[in-house]
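Participant: Using the hints, position chains B and C against chain A.
Chains as they are written, first to last, in our numbering: chain A, 1 to 444; chain B, 445 to 888; chain C, 889 to 1332.
Calculated directly from the structure, the hints in this document are not laboratory data. Backbone N, C-alpha and C define an ideal beta-carbon position, used for all residues, glycine too. Possibly wrong hints are sitting among the right ones.
[Claimed, not checked] Computed cross-link-like contacts, DMTMM-like style, restricted to lysine to aspartate or glutamate with a CA-CA straight-line distance of at most 20 Å: (1) A:K34 to C:D1155; (2) C:K1124 to A:E432; (3) B:K680 to C:D1155; (4) A:K227 to A:D347; (5) B:K478 to A:D347.
[Stated by the list, open to error] Residues from chain C that keep clear of chain A, each with C-beta distances beyond 12 Å, as calculated: (6) A917; (7) L942; (8) P991; (9) S1053; (10) M1056; (11) I1134; (12) V1136; (13) W1140; (14) F1144; (15) W1183; (16) V1193; (17) A1286; (18) S1290; (19) I1294; (20) E1312.
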Amino acid sequence: MNQIFTFITEAAPVAEAVSATTAEAALIAVEASKIASDAYFTANNVWMMMATALVFIMHLGFASVEAGFTQTKNTVNILFKNTLTPVIGLITYFVVGFSLMYPDATPGFWFGFDGFGIASRANSEAFEYTAGAYTRWTDFLFQAMFAATAATIVSGAVAERIKISAYMIFTVIFVGLVYPIIGSWKWGLGALNEMGFMDFAGSTLVHSVGGWGALAGIIVIGPRLGKYVDGKVIDKPGSSVPLAVIGVFLLWLGWFGFNGGSVLSGDPALTSLVLVNTTLAACGGALGGFFTGYWMFKRLDFGMVLNGILAGLVGVTAGADVFTPVESIFIGSIAGVLVVFSAVTLDKFKLDDAVGAVSVHLTCGIWGTLAVGIFGNASDGSAVPFLPQLYGVLICGAAAFSSAFIIFIILKKTIGVRVSEQHEVEGLDSHEHGIRGYTIVYDK
Amino acid sequence: MNQIFTFITEAAPVAEAVSATTAEAALIAVEASKIASDAYFTANNVWMMMATALVFIMHLGFASVEAGFTQTKNTVNILFKNTLTPVIGLITYFVVGFSLMYPDATPGFWFGFDGFGIASRANSEAFEYTAGAYTRWTDFLFQAMFAATAATIVSGAVAERIKISAYMIFTVIFVGLVYPIIGSWKWGLGALNEMGFMDFAGSTLVHSVGGWGALAGIIVIGPRLGKYVDGKVIDKPGSSVPLAVIGVFLLWLGWFGFNGGSVLSGDPALTSLVLVNTTLAACGGALGGFFTGYWMFKRLDFGMVLNGILAGLVGVTAGADVFTPVESIFIGSIAGVLVVFSAVTLDKFKLDDAVGAVSVHLTCGIWGTLAVGIFGNASDGSAVPFLPQLYGVLICGAAAFSSAFIIFIILKKTIGVRVSEQHEVEGLDSHEHGIRGYTIVYDK
Amino acid sequence: MNQIFTFITEAAPVAEAVSATTAEAALIAVEASKIASDAYFTANNVWMMMATALVFIMHLGFASVEAGFTQTKNTVNILFKNTLTPVIGLITYFVVGFSLMYPDATPGFWFGFDGFGIASRANSEAFEYTAGAYTRWTDFLFQAMFAATAATIVSGAVAERIKISAYMIFTVIFVGLVYPIIGSWKWGLGALNEMGFMDFAGSTLVHSVGGWGALAGIIVIGPRLGKYVDGKVIDKPGSSVPLAVIGVFLLWLGWFGFNGGSVLSGDPALTSLVLVNTTLAACGGALGGFFTGYWMFKRLDFGMVLNGILAGLVGVTAGADVFTPVESIFIGSIAGVLVVFSAVTLDKFKLDDAVGAVSVHLTCGIWGTLAVGIFGNASDGSAVPFLPQLYGVLICGAAAFSSAFIIFIILKKTIGVRVSEQHEVEGLDSHEHGIRGYTIVYDK
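Just chain A, with the same shape it has in the complex (with noise of 0.2 Å):
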């Protein structure tokens, strides 16, 4: 090549180019074809690495969020678990994960990525698709930053109460085998695909599949002791309200690769208007949440403008790519109404979310999932049928569910899902840690 490549970068005179006999004409075009080819791949496969560092940063924030919005006696345990689950979510989605969800992505092996995960570099060849976007590792860590988050839903709303045995043995069959099965469903070509149902970056399979995991959650675990006392709903103060809004801002950062990365590829038009739709539905859901809590509490409540935000970016996800700005903003908007009246509901039935997990990410996963039924538009123009949004939503909805819930029940039955009520009261960070979150109180 280089021969070629010093014609064409250093000298390529016009007029040199003029007096070219047909084959070197040809071969020059031949040889700008496999520059500009590994240029665009090489673009493309930039942005999806890109994509998956920020999806990765959501679990900082996922940390940040719910320690902060839980309290101080138990911030070491829920760092604990936020820290261990995308370690055990991307091993799981190695391991088996990514076999179950993209069946056609490996072929010649059924069970366990490219064999139980045993790959050598010698065939890292292989794993770039011939005429894709990026390269199969591309691929896989992507995906597998995302299996990770379903189990994290889970951990914040069963919070402050949970085993840590048993929330790690539910994080691996969760990710290992409920989430990548669901999502073969539609992103692994499966049923729901073929029934037409839209879902652009998972509000349904991802978020609201991990919504459905918490609620099972706190059905079978209970609510906290003393949160709900002589039918009142007593207030459990987060230990950190800047801890939580790093968590929040780092969550709509990462959003960016959530949503933007699901393009699979660089496209300038429709990564940029999904970044658009993605922005706009969080800074409505957050005005949403701010309105709705000012008019139900009547203060500054900034613990809905910070769920808010959250109901916004879930509710955009599942259309993030087929909704307008505008109607981004009113989605989001929407969302951050409901995950108020959402939240209080919950408290109604005595189901205790500690963080919020259910009413962001699975309430506001059905709504966004449904408007893609209601707003979105198909490439083609045409509008997308409601109907398959709502059987996506049940059947997954149930298989979600039921699945957690069965396992929970098991978990309870053997190993047991909750911890003592001495240590509960006195606060887990002692008693299974050993430490304490902060030391920040100076001797006089």
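Facilitator: This is chains B and C only, laid out in the frame that chain A set:
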């Protein structure tokens, strides 16, 4: 395309190319050009989207710095403002700001981006620049992230006593009208641009505009209670140094996008020079603040190091594309010196800036803009004339300060700009938000 | 170009192409080649700039981990050091380090990057590699971010008792001279490179060099007061677990740039394999640290999980380009085991490492480098020989340790390396900086 593409990428041995006809050679060449153009467009757009994400995270940076540098009793209030500022800013800029600032970019509509924000995906194709570097959506989002910054600068200065309703109304007007109109004079190719005024990424258009707004705010609102007593300046210790450090580093990181994205393409030579200049100016600012703080206060003053970094970043922003790296270190160092003197001078005039925003953004924004007229060379190698830089500083300053002053005065005469004395003393968090920033003291 | 470009992108119907003359075909082909080359260069450079930004944020990661793992009374002091470390490191590397490390990269100048750092924009063109993947400015900034890392590693180990002036002088010499000279032996294509030593992204050249410096530091300076009493190791609880978690996740994120950028291009297959290996090694390290900590201390030891993640990342760094994913999990797991044993062993010898930096960076840096000689295959498929890896570890270790030891001894004999006993007991923050890290206890 597929047939030729396959020919190119899979077969395309030299032998076949040599035997190609002229028509075949031309077809391959045309196809190669299309792939190359798509690749170039994608790579540029990826850079601009990542720059946008980096500018977004600056809002978390501002939130962290301001909450870290102010008192614990007002932490929630500050974070509340800093969370709603980008929310309001982004939506306002979508509805009116973008059209006001770039009138040419939205042909057929003067007021309201694409018709009061009503855009459909159908015409998203029209939002791609035909020969440009990135899509119109990317353009909008990048500029919208900038817009919200101007209001954020104000929020820090007036923290701990401003009424939140007044701040929110101010933000809507300042981001929706004042910032984009002033910005249009240069970046919208208006009169300042005609005059030869240069401001690469906004030392004046963003930072000093925000800084003038902040100055107007602290004049109208007045100092915090107990700040100036018997001729002495009373220190109000910040709640959390780690939070401030997180903020400063995130701002530094975000500045890679703020300045690097202002190249408005992924041009390798210019973007990478801009990143080097930006980084080295931050380092110079840190050293300038460190040594000046040590000389003045005889201690290792960390606040001056942190504000020195921000000062250096603001200082280099006007000319990061035309300075050399050595000049950037020097300009940053001077900014680091200026920020200390500015802070001391403001206190002499009993102008109470809770986080040093005026010194960082206004003083160093002016310095950086003038520095372009002292050190900068235009792309043709000629020196940048000084007077247009001075005129730009004065004109933008007069417009921004008087606008902000009038808005704040009107707010003062109507709904009021300041919380009650009791609320200020006891802290805004308990009174306006009903929660505290931290609950991390353990029960014995 | 415009005419042809227009022809290509707007018209260019197949019919016209077919009727093109040979000269026209050649011109289109040449033009396509130029666009393709620019696109490729841009995409590669974008990746390298984003990798640089990711490595930058590791400095916030180090600051957060170190402040989180150490005592509240010294928080400001630690953050002060960790903020000035990249400042000093970047400027020092600009002035001398880059030229020392890559003598070939700055032809005509031996000492001082482009003439003691004096570069003008006029010759920035010359800084573009003619046939390379990214600009010289990008190259400099990426390498400069690495350089500052080596000193940061030292700062954690010697925290809570080192004199800040001694630390700063050490940093100037270590980053300006020791790190780049050792680095030049391999990455500057010196003697270790000739010998066949392999160190992809610096398990030895960055991490163990920093780790040896840390070991020399804690030997010369001695343990913190009250750390080893009557043969017992006294625990010094860290100030904030959330801060440490933020730090570890930011380091993990930054490592995507640290290792991914060390490919020195955006090559899709290799960069994405490197990201997968890096991530899975971190997961392996977390599990290794978790199980070893549980087995040894009979508790869910969070510190060992967090240091296990860092251990896995350091371990995979030497061979992230030549390991398979399964090997990476294994190598990371072993690193997670080693970091626990190393920490316990150091305490047996009364070597007081305040944050576990020696165990993470030195022990696991050695392990990772040797692992390349055990598992790694060169790009031609042949096994990497073990002995050059061992020699590289020993030679770099001898050089780094003896240099650091001599610097610290000279500092001890001259200005002193340790704060007074009173300052150490009462905390460095009040005495050296005049402020406290937190003021978040509410008045009743």
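Participant: Taking the closest pair, is the beta carbon of C:P991 still more than 12 Å from chain A?
Facilitator: For C:P991, whose nearest Cβ neighbour in chain A is about 26 Å away, the distance exceeds 12 Å, so it holds.
Participant: Please verify that the nearest CB of chain A lies beyond 12 Å from C:W1140's CB.
Facilitator: It is violated; C:W1140 is separated from chain A by about 7 Å at its closest Cβ, not greater than 12 Å.
Participant: Check the non-interface label on C:M1056: least C-beta distance to chain A beyond 12 Å or not.
Facilitator: About 27 Å separates C:M1056 from the closest Cβ of chain A, which puts it past 12 Å; holds.
Participant: Is the nearest Cβ of chain A still more than 12 Å from the Cβ of C:I1294?
Facilitator: Answer for C:I1294: holds, closest chain A Cβ roughly 37 Å.
Participant: Mind verifying the non-interface call on C:F1144? Its CB should be farther than 12 Å from each CB in chain A.
Facilitator: violated (5 Å)
Participant: C:A1286 clear of chain A by more than 12 Å, beta carbon to beta carbon?
Facilitator: Nearest chain A Cβ is 32 Å from C:A1286, so the label holds.
Participant: Could you grab the alpha-carbon distance between A:K34 and C:D1155 and see if it respects the 20 Å cut-off?
Facilitator: Holds, at about 14 Å.
Participant: Holds or violated: is the Cβ of C:V1136 farther than 12 Å from all Cβ atoms of chain A?
Facilitator: violated (8 Å)
Participant: In terms of Cβ atoms, is chain A entirely out of 12 Å range of C:S1290?
Facilitator: Fine: 37 Å to the nearest Cβ keeps C:S1290 off the interface.
Participant: Hint check: B:K478 vs A:D347, CA-CA at most 20 Å. Holds or violated?
Facilitator: Distance of about 58 Å is beyond 20 Å: violated.
Participant: C:L942: least C-beta distance to chain A exceeds 12 Å?
Facilitator: violated (7 Å)
Participant: Far enough from chain A: is every CB of that chain over 12 Å from the CB of C:A917?
Facilitator: violated (4 Å)
In summary, the structure is inconsistent with hints 3, 5, 6, 7, 11, 12, 13, 14, 16 from the numbered list given earlier, while agreeing with the others.
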